[in-house]
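Trainee: Which chain is which? The protein sequence lines are Y and P, in order.
Taking my numbering, the leading residue of the first sequence gets 1069, the next gets one more, and so forth.
Taking my numbering, the leading residue of the second sequence gets 337, the next gets one more, and so forth.
In short, the hints are calculated from the structure, not lab data.
Since the structure is predicted, the reported quantities are computational estimates derived from the model, not experimental observations.
Don't take each hint at face value.
Where chain P lies over chain Y, by a calculated footprint (3+ residues, C-beta under 8 Å) [stated by the list, open to error]:
#1 1563-1569
#2 1606-1613
Partial chain P-side listing against chain Y, Cβ under 7 Å, derived [unchecked claim]:
#3 E346
#4 D348
#5 A353
#6 N355
#7 F356
#8 G417
#9 K438
#10 V441
#11 L442
Ideal Cβ placement from N, Cα and C applies to all residues, glycine included.
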Amino acid sequence: MNIPCLFPLFTGLLVFFVGVIAYTKSHFNQISKNFFIFCLTIFLWQFSYGIAFYLNSKPISFLWLKIGYTGVIFTSAALCPFALELLNNFYRNKLSFVFYSISSLFSAALWFTNYFISAEYYEYFWGIYPKAAIMHPFFVLYMNLIFSGIIFLLLFESFREKNKQLHTQRLRYVGGALSIGAFASIDFVANYGYEIYPCGWIFVISYILIIAYTIIKYRLMDINLILTRTSIFIVVYSFVLGIPFAIAFGWKERLIYIIGDNWWLVPLISSTVLATAGPFIYLYIQKRAEARLFQEQKRYQATLRQASAGMGRIKDITRLVNLIVHIVSRTVRLEHTLVYLFDPETKLYHLRASRARSARFKTQNTIENISPIVKYLIRTRNPIVYEEIKQQTQDYGDMNLARLESELVAVNAELVVPCFIDDKLLAVIVLGKKISNSLYSESDLAVFSILANQAALAMENAMFYEEMKNTHAQLMKAEKMATIGTMADGLSHQINNRLHALGFIAGDALDTIKLKKDVFVSPEVKEVMIDLEHALHRIEDNVTQGGEIVRGLLKYTRKGEEGFSELEFDQLVNAAVEMTQFKIKPGEIQIVKEYGKDTPKINGNFTQLQEVFFNLIDNAYDAMMQRKNELKEKGYSPVIKIYAEGDHNGRVNIRFEDNGIGIKEEDKTRLFTPFFTTKLSSKKGTGLGLYVIQKLIEENHNGKVVYNSVYKQGTNVLISLHALR
Amino acid sequence: MSKLLIVDDEIDIREFARNFFKKRGIEVFTASGGSDAQEIIEHENPNLVLLDVRMEEITGVELLRNVREKGNNVKVIMVSGVEDESVIDEAHNLGILGFIHKPLVLDELEKIVLKELHPE
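Could you build the full structure based on these sequences and the hints that come with them?
Mentor: Given below as structure tokens:
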């Protein structure tokens, strides 16, 4: 066993190892497949050479040399699919076919003729070596042409792109790696009789290490390698164990020569030393690696902690969204950050916050509900990485992916992170490229996903708080109204008494004036007395009016009897209209009674039905005023038509028809929810109206309430009540 | 001369109503609460009592009941704000001429009172 054979063996194994990793970890895409084949050819070359140098039997060695040379021949052919796929070159298939054919020809010449490699071989200090024959130089030329061409294409393409995209980095590194690897053609020198040890393996190792680096740093072939403790361990201990072994096997003879019988001491001592040092070396490397890896993560964690504390406290959704953008921009230095928030009214995702490095940055303001991005997010519930989608579109040519890709470009998205609460996509965070131009790593994605989830929670919180505030306000108002109702009774009595007193005082004063007006007073004094008389009469009139108002108010707030009785429909309507006199001025609207005297009597509670009808007229009035003010139609005349008719089933069917603003589609489902109101002014109602109507009619009277409405045209309310037999 | 008793806890009512009716030659007595009123009814025998329903000390109906229980059939008109049905019923049961509602202007009150005091 000699050292010369070890290096090729080791190199071959290393290359094979990298190829396998690339192939298995890259989700089996085309590039990695080709790369693996390329690695196989190199492996074949190096490993066979290693075996050839190791064996003592010359004929068998020669056989292995030939096998190795097959690998060499096909290396150039195998390079093409790999590199051309990387370049996405249109002619890759045709060119590959051509080169494979040429290589096959050379290979045939190698095996079946002596024109490629001569039947004789050189005997060098490291072992035997093939001797070049007449076809060989052509092969060298061919191989160098291919390599030069490929390297040139790679580097040219990478410098052609103006911006430093990820892809150009990859091309550059692969180009560089291959350039260095190309120096392995130094091995050809020995084919021509020069006794120079084929140290091409040095360049092969350099090449494969650069490729490995590109894989790790630039996700070449889309591989995500994580430097784990296990891998560090394996590497360190391969050396710890491997070196003594190598010494024992490789230098056995030399050691025996130098030291004698106790040659085995050397491997033993070295293995002891290395085994002792091993753990420290391992720990050292591990600490350094983890420090670098986790430095980023620790920073993320700190930011996340701050962020979650901050976000939870904010109840205003605009501030929240701006905070999210701020956090993201601080966590990673980005070109831009955008947050789109879902608006249930418009069913669109609106741009609510943004931060960009460039002042001239522009992007679209909305994302549709049905857009590819949203659909994809809802389906996968994972962040979208633009580079991945672009790659997949190239590989699979899917139309949907292509649409998704173009939309990602339209919003300038490098990374899209969804904010989900249960199944609802509340918001979409769009991130631009990192300023450092590096890729978004797995840990980046993890951090942003966590952030997005917390953001979703905080957003839901903020929206809930908003709703709560509204409900609270409504509740307060309703309570106030209820309190006023309770106070009304006592209040009205007091007010009544004041009015009564005022009336008497004014009346008596009037009386005094009347009696004395015509008795011995001068004309001037008489005039004054007439004026006073008039004033006092006015006071009396106001007293009477005041009394009516109080009576009307009390009618509305009084509990009234719970019992049912025989009710005249017209009477109910009149009573309801009377209640509206304080809000609706005469002539403002028209109420048309479309029912006759023969309308069957209703079995019901007067006060409750009066309240129901009052609410209906009141709502109709508000709707009509809203239409008048919003649509401003010429010649618009607000009209409420009231229909009532008995049917054969012992029921009275009543209809209140108005030509007000109507009800929007999206509000129809919320109509009977307590506190829901679309009335413009908060003074106009608490939103309890329809809820109360439904309760009174359906629960108390066993009746039915149905609403029909067309927005901007009007509303019909159909009520069905029991008639008295 | 006709005698009129006005029972009301409002001072303005008592004062101005008295002024008014005195000018018409009616003798007016006033009481602000139950005990005074009962005394006047017993001792002065008024022709008509204007009785306020809601008062501090004792309600108009209670006062009426007391009076009726003593066997006094003096004519009573109840003056009310807005009352419960039960009050109205009970008052009618105890025997009253009727109800008048506040606020009332003196002209109307004059007509009602004079009708009762001088039924022509």
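Trainee: Have a go at the P/L442 hint: is there a Cβ in chain Y nearer than 7 Å to its own Cβ?
Mentor: With a minimum Cβ separation of about 3 Å from chain Y (threshold 7 Å), the hint on P/L442 holds.
Trainee: Return the status of the interface hint for P/D348: holds when the least beta-carbon distance to chain Y is below 7 Å, violated otherwise.
Mentor: 4 Å, holds
Trainee: Holds or violated: P/V441 as interface residue toward chain Y, Cβ cutoff 7 Å?
Mentor: At about 5 Å, which falls below the 7 Å cut-off, the nearest Cβ of chain Y leaves the hint on P/V441 intact, so it holds.
Trainee: Was the hint right that P/E346 lines chain Y, CB cutoff 7 Å?
Mentor: Holds, because the Cβ-Cβ distance from P/E346 to chain Y comes to roughly 5 Å (cut-off 7 Å).
Trainee: Check, residue by residue, whether the stretch 1606-1613 of chain Y contains three or more positions whose beta-carbon lies closer than 8 Å to a beta-carbon of chain P, and give the verdict.
Mentor: Coverage by chain P holds for the stretch 1606-1613 of chain Y (3 residues, Cβ < 8 Å).
Trainee: Has the stretch 1563-1569 of chain Y got at least three residues whose CB is nearer than 8 Å to a CB belonging to chain P?
Mentor: That given contact holds, which follows from 5 residues of the stretch 1563-1569 of chain Y lying within Cβ reach (below 8 Å) of chain P.
Trainee: Hold the hint about P/A353 up to the distance rule: shortest CB distance to chain Y must be less than 7 Å.
Mentor: 6 Å, holds
Trainee: Please check whether P/K438 passes as an interface residue: C-beta within 7 Å of a C-beta belonging to chain Y.
Mentor: Holds, because the Cβ-Cβ distance from P/K438 to chain Y comes to roughly 4 Å (cut-off 7 Å).
Trainee: Identify whether the interface hint at P/N355 stands, where standing means a beta carbon of chain Y within less than 7 Å of its own.
Mentor: OK, holds: P/N355 within 7 Å of chain Y, min 5 Å.
Trainee: Less than 7 Å between beta-carbons is the criterion; does P/G417 satisfy it with respect to chain Y?
Mentor: 4 Å, holds
Trainee: So, as I understand it, the hint says P/F356 touches chain Y; can you test that by seeing if any CB pair is closer than 7 Å?
Mentor: Holds. Min distance 5 Å.
The earlier numbered hints are all upheld by this structure, with none contradicted.
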